[in-house]
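Participant: Fit chain E to the given chain X structure using the hints.
Chains as they are written, first to last, in the working numbering: chain X, 1 to 360; chain E, 1001 to 1421.
Don't read these hints as lab results, they were simulated from the structure. For clarity, every value in this text was computed on a predicted model and none was experimentally measured. Cβ atoms here follow ideal geometry from the backbone N, Cα and C, with glycine treated the same way. There's no promise every hint is true.
[Stated by the list, open to error] Derived coverage of chain E by chain X (criterion: at least 3 residues anywhere in the stretch with Cβ under 8 Å from a Cβ of chain X; other residues may be distant):
1) 1065-1078
2) 1156-1163
3) 1205-1211
4) 1329-1337
5) 1374-1384
6) 1392-1399
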Amino acid sequence: MSKFLKVLTGAALLTASAAHAEFGLGRDATPDEVAAWNIDIRPDGQGLPEGSGDVYTGEELWLENCSVCHGDFAEGAGRWPVLAGGFGSLKSDRPVKTIGSYWPYLSTVYDYVNRAMPFGNAQSLSADDVYALTAYLMYSNDLVDDEFELSKENFLEVQMPNEPNFILDDRLETEFPLFTVEACMEGCKDSVEITKRAAFIDVTPDGAGGGDLEGGGGAPAAAAEAPAAEEAPVAEQAPTADGEVAAEAPAALDMALVAEGEGNFRQCKSCHQVGEGAKNRSGPVLNGVVGRTAGIVDGFRYSGDMTDAGAGGLVWTQEELTSFLADPKAYMPGTKMTFRGVRDEADIAGIIEYLKSFPE
Amino acid sequence: MIDQFKGMKPSRRAFLRGAAAAGVAVAGTKAAAEGEAQILNKQPWNQALGAGVDESPYGMPSKFEAGVVRKNVPWLTAESISSINFTPIHELDGIITPNGLCFERHHGGAAEIDPAEHRIMINGLVDRELVFTMEDLMRFPRENHVYFLECAANSGMEWRGAQLNGCQFTHGMIHNVMYTGVPLRLLLEEAGVKTEGKWLLAEGADASGMTRSIPMEKALDDCLVAFKMNGEALRAEQGYPVRLVVPGWEGNMWIKWLRRLEVGDQPWHHREETSKYTDLLGDGQARRFTWEMDAKSVITSPSPQKPITHGKGPLVITGLAWSGRGTIPRVDITIDGGINWMQARMDGPSLDKSMHRFYYEIDWDGAPLLLQSRAHDSTGYVQPTKDQLRSVRGLNSIYHNNGIQTWAVNSDGVAENVEIS
Chain X
1 MSKFLKVLTG AALLTASAAH AEFGLGRDAT PDEVAAWNID IRPDGQGLPE GSGDVYTGEE
61 LWLENCSVCH GDFAEGAGRW PVLAGGFGSL KSDRPVKTIG SYWPYLSTVY DYVNRAMPFG
121 NAQSLSADDV YALTAYLMYS NDLVDDEFEL SKENFLEVQM PNEPNFILDD RLETEFPLFT
181 VEACMEGCKD SVEITKRAAF IDVTPDGAGG GDLEGGGGAP AAAAEAPAAE EAPVAEQAPT
241 ADGEVAAEAP AALDMALVAE GEGNFRQCKS CHQVGEGAKN RSGPVLNGVV GRTAGIVDGF
301 RYSGDMTDAG AGGLVWTQEE LTSFLADPKA YMPGTKMTFR GVRDEADIAG IIEYLKSFPE
Chain E
1001 MIDQFKGMKP SRRAFLRGAA AAGVAVAGTK AAAEGEAQIL NKQPWNQALG AGVDESPYGM
1061 PSKFEAGVVR KNVPWLTAES ISSINFTPIH ELDGIITPNG LCFERHHGGA AEIDPAEHRI
1121 MINGLVDREL VFTMEDLMRF PRENHVYFLE CAANSGMEWR GAQLNGCQFT HGMIHNVMYT
1181 GVPLRLLLEE AGVKTEGKWL LAEGADASGM TRSIPMEKAL DDCLVAFKMN GEALRAEQGY
1241 PVRLVVPGWE GNMWIKWLRR LEVGDQPWHH REETSKYTDL LGDGQARRFT WEMDAKSVIT
1301 SPSPQKPITH GKGPLVITGL AWSGRGTIPR VDITIDGGIN WMQARMDGPS LDKSMHRFYY
1361 EIDWDGAPLL LQSRAHDSTG YVQPTKDQLR SVRGLNSIYH NNGIQTWAVN SDGVAENVEI
1421 S
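Looking at chain X on its own, in the form it has when it is part of the complex (with noise of 0.2 Å):
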């Protein structure tokens, strides 16, 4: 009896383990193909192949897939996704949401590149090659310097700058006490005007149908500065025309070609910081920096070749930097600044007149 009712006992706890098998629909999957399409990664390292790559590496991969869509420095081109730069502008107006200045988790760049980079050609990277970009991104978001090396290894070791911002939906303790209350249905305000107007924005597309407005199209839209797909971004409300640099600048400047420059100089801004406040990062500082000696600024530490060039009296004129900015490394072979230059002469011209327009 008694061994009647252990085999009895073992029969069902394997029919119960063997199948939640209520339907017995579907197959093993093999380890191969468990394999094959598990490719996630998680903030515990759960998933990272074997593998590494250097910042090197990853300049030279990033160029060759990424730069067309995300600039030469992550900077972003067109309304295409800003990856690197943005520190500090969270609470700004202009949020700047890149890996460095948002992201939590390295994993998710390592996942994300992966899966569904290059654009077009997805999973096609070796795991070498991800780690290698993985790490130029931290390079481009001043997280590395140019040596570093990524690798399964020391994965766990990054922590990313703004982790700690993120918090847990909290909607129901903070909006839903204030928006559970009864709503008014009568005389609930003295009055009403219209405070804002979609038809001063004017950005919506032709065509979209509906009545003619009077005084549709006012001011012009600033679309164009739209950030890039992912959030079904925002247009600028009102251009937040930059004032502050107009007010400062000498005279002698052209401000057409300053404002062309500040678009310009948004693939330098990954590296260098200009204005009030400017620190050195990848780059040095270059608040004053054409008329001034090469070389020269406190606290960076410059390639041998541009102390060099400065000890012997070179100066940033209009000329010089025109030369260094089309072509660095034919300029100054050993400058540290990796950067494949600006082709366009107009460009340059726009840059350096920017640059102009922030005085030491």
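Facilitator: Relative to chain X, chain E alone:
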């Protein structure tokens, strides 16, 4: 001012005036005839034969409805492959969105997948890692449910102020269809979720490899693995042959072209739940896992793309309301910018986590209107104003904007997207 409309008041004089004018046009042939040409003259379709059956084996809308289409906002995205378009909700009525008008959101284009080649894998913390074919999936018991799907970024362009003129653009990242599918719970039970399996990663087969982490509690509650919408197969752009349905939660989680479900003990924090679809607050902190779509409503007509063209008199004001937390028992309407409110008439089915249709009929006196609607959901939550939202979240949130929408209608019946004090 304007009283609520109480009955038809046909303007006989206006009709006769119009008829007399039309009568002049046909006077040459029939001197005595008085009336509209549409009636007095034989029309081509009265005499010539129309198209036979099978002219269009898959039926298309009348050519006179050619303007009722999805539209995008080109400046929003770098190109149209990783992009979004908008449902023309201003042209629709009732609560169901026709399949071809459901807005599209892809991150790597709409994949074209032969269902015979498609597989669904369950792996991770389960007793058995399983693979299903579409045929296997069709052998599980099915359910039918109507649910809205709203993108978390719907109305996101309006966070800082009125920007786009048309509810298609301000509120059109939404659709509402009946899904046929297998409860996700049944598939997970088939594999046997281990006790430490608290999270699910859903993954798409498209070129973006879309992934989202879903808590197991939701996965076992009301999620569906769906293969039909409004009775027919999913459209390619909606995830054919199979997608995840996550009722009431932000659309990005409804993984299209679903190919894999991985069970884990913690969330994955992938791109779409960290870099995107997190709500940046004014103080620089960011909320994550803001899954539920809060109660929201919008007047779809009149609206900027749907002006009043008939002049004074009977006017049907109508719109949509929904909540990711339940049903919508009540919608309030104001025509004076929120000084006084009236309850709208709810009409049609009231289903959990589905769109609801409301109407409010007035006798319009031609005076300018400031129209708003305000949804109340079954939890007691009342749709807030945009300023109320901003006071909590700041200006940079982008996502989950469920604030009250205002349309300013002028005396010509033209409507504009505005904000008011």
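Participant: Now, for every hint given, state plainly whether the structure supports it.
Facilitator: Here is how each hint holds up against the structure:
1. 1065-1078: holds (count 9)
2. 1156-1163: holds (count 7)
3. 1205-1211: holds (count 4)
4. 1329-1337: Contact hint for the region 1329-1337 of chain E vs chain X: holds, 3 residues under 8 Å.
5. 1374-1384: n = 8 at 8 Å, threshold three: holds.
6. 1392-1399: It holds, with 5 qualifying residues against the three required.
Consistency note: the structure conflicts with none of the earlier hints.
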